[in-house]
Amino acid sequence: MMNMTDIKHHLTDDILMSYSTGTLPEGFNLVVATHISMCDDCRAAAGSFDAVGGTMLANQDAVTVSDGALKATLKLIGEMPKDPIKTTRTGKSGIFPTPLQDYVGGDKDDVQWRGLGMGMKQAVLNTSKEASVRLLHIPAGAAMPNHSHKGTEMTLVLQGAYRDEEDRFGRGDIEFADEDLHHTPVAEDGEDCICLVVTDAPLKFSSLIPRIAQPFLRI
Amino acid sequence: MGTIYAEESGAIGPRVSYAAYAGRSTRVIGSGQVSVNEMLEQGPWIAQMERIQIAQDQSAFAELFQHFAPRVKAFLMKSGANDTLAEEIAQEVMATLWHKAHMFDPSRASVATWIFTIARNRKIDAFRKQRRPEPEDLTWGPEAEPDQEDVLALQQETDKLAQAMSELPQKQRELVERAYFGDLSHSEIAEETGLPLGTIKSRIRLALERLRHTMK
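Chains as they are written, first to last, in this note's numbering: chain S, 1 to 219; chain Z, 1 to 216.
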């Protein structure tokens, strides 16, 4: 849906590996899935981490399954609802990739925004409590107050762009922030900026995400 | 049931040797030997997937089940499920394989990798009662015929990866395996193995660097 060369700030390998092993909280998974939907690079990298899991599965020593297991599974197949063939963009056309549309129940015009003052709006999305994820709407040209972070925060730009002390972040870009980063994001002129932001509950993050930020299989 | 289905003749094309090949695959990888002929095959279990896709072939499903259900169950037990729960989820994973067979694309993932992703998602659902957001499907989707060159290239990469993993020092391999199957963070692995966290991180990092180096 967009040229991957437009994206300059990607997911880290430790996040991608945790997405593959399934140890990330739901809110982080949502941001990762949304970014991968826009980024061929990270999609390929995530595929590499899945391949490691597949190789391990293939090399598992088999354990015994019950005698009637196959028969029971065939019966289960008959009872299960047939998997609907997914179309590529299930939701409406718009700026949100499908995984995000699934949580919003539509695109940006369907978001239940709540005003934060100064023209800023946010909408908290419903995910598991280990992390909290929200959409942020910042008017073009507006600055957010300088802030630091409790725990770790991951921001994905969906529309417009912002700049802070670190760099410029446009559609598809990811910015990581932790306790050390105090920044003042300013939305660029021209278009309102919409971001998807996930924050872990304080102190939880370090135990949930292995810090092995090393390049891996990302050739 | 193994003997019955091992005699099933290849329904599609010249790949009549798939049953023998598939049965060998784990030992081949384990002993670190992959023959040239096997590298040139389109990959294990793809023929069975095609038979399900094209003809809803239950005997092809039975072959896949016989091989993968015990391994999926082992994976779930390593993640902490007891025998009963692991068996139940393994059956659900295999039933999902049947229903999603039309989505399988051998140019994007090996059969084992694809089953791993189904098992992982089912595990998150069952253990943590959470949804697992998945990326948007690519536009060229499941209907497009996979390019045989891509299928072959992916299979060669998969073989290389298996080879590289079999050559990892055992301690490194075990830790990567814990990260994938144990459903444990690194600090939890530290608690369980008694190894200092720094050691675990550096060992996994070393393992990943080695894998990457071998893949080049």
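These aren't lab readings, by the way, just hints derived from the structure by calculation.
Any given hint might turn out to be false.
Keeping only pairs whose Cα atoms sit at most 20 Å apart, straight-line, the calculated PhoX-like set for lysine-lysine is [as the list claims (entries may be wrong)]:
id: 1; chain 1: Z; residue 1: Lys78; chain 2: Z; residue 2: Lys171
id: 2; chain 1: S; residue 1: Lys108; chain 2: S; residue 2: Lys129
id: 3; chain 1: S; residue 1: Lys129; chain 2: S; residue 2: Lys150
id: 4; chain 1: Z; residue 1: Lys100; chain 2: S; residue 2: Lys71
id: 5; chain 1: S; residue 1: Lys129; chain 2: Z; residue 2: Lys78
id: 6; chain 1: S; residue 1: Lys75; chain 2: Z; residue 2: Lys100
id: 7; chain 1: Z; residue 1: Lys129; chain 2: Z; residue 2: Lys78
Assess, step by step, whether the Cα of Lys108 (chain S) is no farther than 20 Å from the Cα of Lys129 (chain S), and give holds or violated. Since the Cα atoms of Lys108 (chain S) and Lys129 (chain S) sit roughly 24 Å apart, the hinted pair is violated (cutoff 20 Å).
For the pair supplied as a hint, Lys75 (chain S) and Lys100 (chain Z), is the alpha-carbon distance within the 20 Å limit? holds (16 Å)
With the threshold set at 20 Å, check whether the alpha-carbon distance from Lys129 (chain Z) to Lys78 (chain Z) stays at or below it. holds (19 Å)
Has the given pair, Lys129 (chain S) with Lys150 (chain S), been kept, meaning a C-alpha gap of at most 20 Å? holds (16 Å)
Holds or violated: Lys100 (chain Z) and Lys71 (chain S), Cα atoms, limit 20 Å. holds (19 Å)
Check the hint pairing Lys78 (chain Z) with Lys171 (chain Z) against an upper bound of 20 Å on the C-alpha distance. holds (17 Å)
Is the hinted pair Lys129 (chain S) and Lys78 (chain Z) satisfied, with a Cα-Cα distance of at most 20 Å? Measuring from Cα to Cα gives roughly 26 Å; hence the hint is violated.
Violated hints, listed in ascending order, are 2 and 5; each of the other numbered hints is respected by the structure.
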